[in-house]
Structure formats: C-alpha cells, structure tokens
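A.B. asks: Residue numbers (this note's numbering), protein chains in the order written: chain A, 1 to 248; chain B, 1001 to 1248.
There is no bait here: all hints are sound.
Here are the simulated DMTMM-like pairs of lysine to aspartate or glutamate, each with C-alpha atoms no more than 20 angstroms apart in a straight line:
# : chain 1 : residue 1 : chain 2 : residue 2
1 : A       : K215      : B       : D1209
2 : B       : K1095     : B       : E1146
3 : B       : K1095     : B       : E1229
4 : B       : K1095     : B       : D1230
5 : B       : K1215     : A       : D209
6 : B       : K1215     : B       : D1201
Okay, the calculated beta carbon distance ranges per label pair:
#  : chain 1 : residue 1 : chain 2 : residue 2 : range
7  : A       : R245      : B       : R1071     : 27 to 37 angstroms
8  : A       : R154      : B       : R1198     : 16 to 26 angstroms
9  : A       : R98       : B       : R1119     : 43 to 53 angstroms
10 : A       : E229      : B       : G1222     : 30 to 40 angstroms
11 : B       : T1068     : A       : D230      : 42 to 52 angstroms
12 : B       : G1222     : A       : Q75       : 51 to 61 angstroms
13 : A       : R36       : B       : R1021     : 55 to 65 angstroms
14 : A       : A101      : B       : R1119     : 41 to 51 angstroms
15 : B       : G1104     : A       : L220      : 51 to 61 angstroms
Hints listed in this document are in silico derivations from the structure and should not be mistaken for laboratory results. Just so it is clear, CB atoms sit at the ideal spot from N, CA and C, and this is done for glycine as well.
Each chain, written out:
Protein chains: 2
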Amino acid sequence: VTIAIVGLGLVGGSLARALTRRGHRVLGVDRPGPLRRARRDGAIASGVTLRAAASEAEIVVLAAPPLTNRRLLRQLAALAPARLVITDVGSVKRKIVREAARLGLRGFVGGHPMAGRERSGFASSSADLFRGRPWALTPARSRRAEARVRALVRSVGGRPVRVSAEAHDRAVALLSHLPQLVAWALLAAAAGDALTRRHLDLAGPGFQDMTRLAKSPRGLWGEILRENEDEVRRALRAFSRALSRAAL
Amino acid sequence: VTIAIVGLGLVGGSLARALTRRGHRVLGVDRPGPLRRARRDGAIASGVTLRAAASEAEIVVLAAPPLTNRRLLRQLAALAPARLVITDVGSVKRKIVREAARLGLRGFVGGHPMAGRERSGFASSSADLFRGRPWALTPARSRRAEARVRALVRSVGGRPVRVSAEAHDRAVALLSHLPQLVAWALLAAAAGDALTRRHLDLAGPGFQDMTRLAKSPRGLWGEILRENEDEVRRALRAFSRALSRAAL
Chain A
1 VTIAIVGLGL VGGSLARALT RRGHRVLGVD RPGPLRRARR DGAIASGVTL RAAASEAEIV
61 VLAAPPLTNR RLLRQLAALA PARLVITDVG SVKRKIVREA ARLGLRGFVG GHPMAGRERS
121 GFASSSADLF RGRPWALTPA RSRRAEARVR ALVRSVGGRP VRVSAEAHDR AVALLSHLPQ
181 LVAWALLAAA AGDALTRRHL DLAGPGFQDM TRLAKSPRGL WGEILRENED EVRRALRAFS
241 RALSRAAL
Chain B
1001 VTIAIVGLGL VGGSLARALT RRGHRVLGVD RPGPLRRARR DGAIASGVTL RAAASEAEIV
1061 VLAAPPLTNR RLLRQLAALA PARLVITDVG SVKRKIVREA ARLGLRGFVG GHPMAGRERS
1121 GFASSSADLF RGRPWALTPA RSRRAEARVR ALVRSVGGRP VRVSAEAHDR AVALLSHLPQ
1181 LVAWALLAAA AGDALTRRHL DLAGPGFQDM TRLAKSPRGL WGEILRENED EVRRALRAFS
1241 RALSRAAL
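Start from the sequences, fold in the hints, and give me the full structure.
C.D. replies: Below you can see the structure in the form of structure tokens.
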C-alpha cells in the first residue's frame, strides 16, 4: 500500500518508520531538511509534493500541528477525489472532523494515537512508538475508509478505539490537556519559591512523575490547548472543584 | 548498636529490616500483631514496651503517624534522659521539632526519609526502601545526636540532607503534599465526568504517572496535610496562580 505522511515530526516520523518496516511504500511531504533526514534513515521511500501525494497515495496521513492539518485538508479537498482516504493524528478532533464534513471529504477519519512523549521531532521518532497504545478513530461517512485506517493502525501495533469527536475532546481535556497544564504549574510553583528551589533534592519519585510532562514543547501545546479551549476550561473548573474538596 | 523503632508500618518496618540486615539489634514497639509479624520475618530482635525501649536503646526512632509521634515524644521525655538520641520519620517537621525543644530533649533530630510509596503497612516494607534516597534531618542542639542519626541514615543507604524544619515544611508542601492533592483531584475530575469514564482507555502514560499517588492511604495523608496546613495552603495558592498563567 502507498501511504503519504504529511509532517515528519515525532508522530509522523514514527509512523513512517513503522509503516516502512511493515513493507509499505511511504511518501513524505515536508520541508527539504526533514525529507532528507527521513530518506537517509530509510523511514520514507521518497519525498513528494502534496499534489503528488494526493494522486499517488491510497491513504494520506496529516501529521502536522492542528491548524496546519486543517489548512492541508482544505488543500487536499481541491486536489483529491472526495473518496480519498485521509486521516490525521492531531490531539483535538471536533474542528477537523467538522471541516472535513464541510468539505465533503467522505473518506476522512479523524485519528489520535495516544502515544505522546516529552521529546518531539523526527530525531525522537521510533517505529515502536504506537505498540500497544490506544489510537482514537472517529466515525466516518465511508465504512471502507474506516476499515482502511483501522488496518493501518493495527499494522503499526496500535489499538483502534472508535469514539465520537465530542467524547474524544472531552476525555483528552481531562486525561491529557489538563495533566499537561498541571505539570507546568506544579513545576512553576516549586521553582517560584526561593526556599524550595534550594531544596529540590528533597523531591521524590512522585514529584518527578508528576512533572515529567512539563518538558513537552510549549509551542505545539499552546496550539492544542487553544484548539480544545472550551473543553480545557471545563476540565480546569472540574479539577479546581476536586482540588478544593481534596484539600479540606 | 541497639535501636528501638516505634511503629512498624511501611517506613518503620523497612528501617527495621535494613538495620537488622546491617547487624544492628532492633527492638520493636507496636501492637502484638505487627510485632509478631516483624519477629517472624526476622525484621526485629524482639518486641518491647516504650519504657524498655527508652532504657535499652541508644537511638529511638518514632515511626508512627505525626500526632502519635508527638504524643510518644512527650512520653519519652518522662521516661528517658534528656540526652537520649531520638529521631522521627514524619512528613512534617516544625511541630515535632518545637515540641522536642519545649520538652528539653537536646538529643532529638527531626528526620524525614523521602521514600514514600503508594502502598503502606509492614507488608509493603523493604530493606531497600531508602537506598539512594534523600533523608531530611533538622539541626539538633546536640552535635553528637546529629552525627549518630546521620550515621544511621547512611547505614541504610539514605543520603542525609541537613535542612531547617521551616525550609523542609515549605519544600515538602510544594514537592510532596501539593502533588498528592493534585493526583487525587486529577483522578476525581476524570472519574466525575460520565463521557470520560467511558473512555479511560484513552489515558496515556502521562495520566498514569500523574495519578499514581492517588492510591496513597487517605487517612494518614489527612493527618499529614493538617499538620502542615499553613504551608499546604500557601502551596495551593502558588499552584493556582501558576495554573491560571499556564492556561492563558
């Protein structure tokens, strides 16, 4: 199967490596530098334009940040037949799913592998990133498209989880976006206290575990949090209520 | 060296195992059930009363919950010479350090091994619990007492960290007590949402790491949080400010 991956960062790069290893022909769409590195590492067969990807690939995977993925989706709608199977790996699903519906892209399946890492970029990518991990997939207009994306997920070791875009965005706000904000705030509160800063050696494994996410890239996260702003606000309110109750 | 340990839970039991393994004579003070289990496991040489511990041991370690430790300290003051070396393993230091000063116990060294676990009780104890872990020790009136407790800490693999009771309580509020409250609140916020509860399979390793502490025993934690209430409130305020800034 020929699969095009647009954006060869941590997730796109890992997916390219995993699919190539499974014998698929992987085309990469990215800037010249990342394409060169991915080709040199054997992660992709060749680098192509989005137009070439739309005509040559059977499945196109959008693996750029959320706003870019939506722009790419609009470009693809102008280049590709409506039944082209397209999926994305973004952390928020409602907006892109609605955009695909508006564009009449019946072959679009929203996707989100639950396989983040503190590190980012192609240099941190690994063919094993998705092994055993859940991978959210939103219902599509086309059953055939759903089946093909499910097969792709399984072929790289992921566990497909069918979930509506609404339930997904609610759940990741509480299970992923809120914990990300909390990790930053825990680290900032400790580092902001002069006495504590001199005794960070008293931090145990609990504190290490709870601030590991604080190393995640802020730029990408800012975009994700804005993309899911209403659900993130709701999660913050629920968390604040729970924190007040716990502290009684 | 003969060492008495009062309270054979996770920390007291682990300390008993570690010291016995190093060839010390360990006396246990606890209820009959725990003493029987500790003797059967070879963690202690024998079970004794607090009075016997005060006269036979060179060092007495208080390893009960904070309020009980302060009561035991008052009892010891009536039983033992003022120069008896006494230390504790409680999570909060100001109150017990002040109580020891009030009682004229010059041989008291406040201690806190940074080696908690989600599990508790003698059944979870291990001779390796303190290996490589920091162990806070407060300054004492007696240099000799400080040196003896430092040697005890090192003999079980801990890293002594000399810190004032005030700095300790500030630091653990931010590095341990606040994370504990946050872990409960993250879990409660997610579990309290019906949609999310149906999709807990979307939780990644980040969420698992950040809620691991939520399994800690609530009863003991309630007592610890009340013991450090002013610093915990200060930490909660700093955290809330940092969370608001992170969420912008």
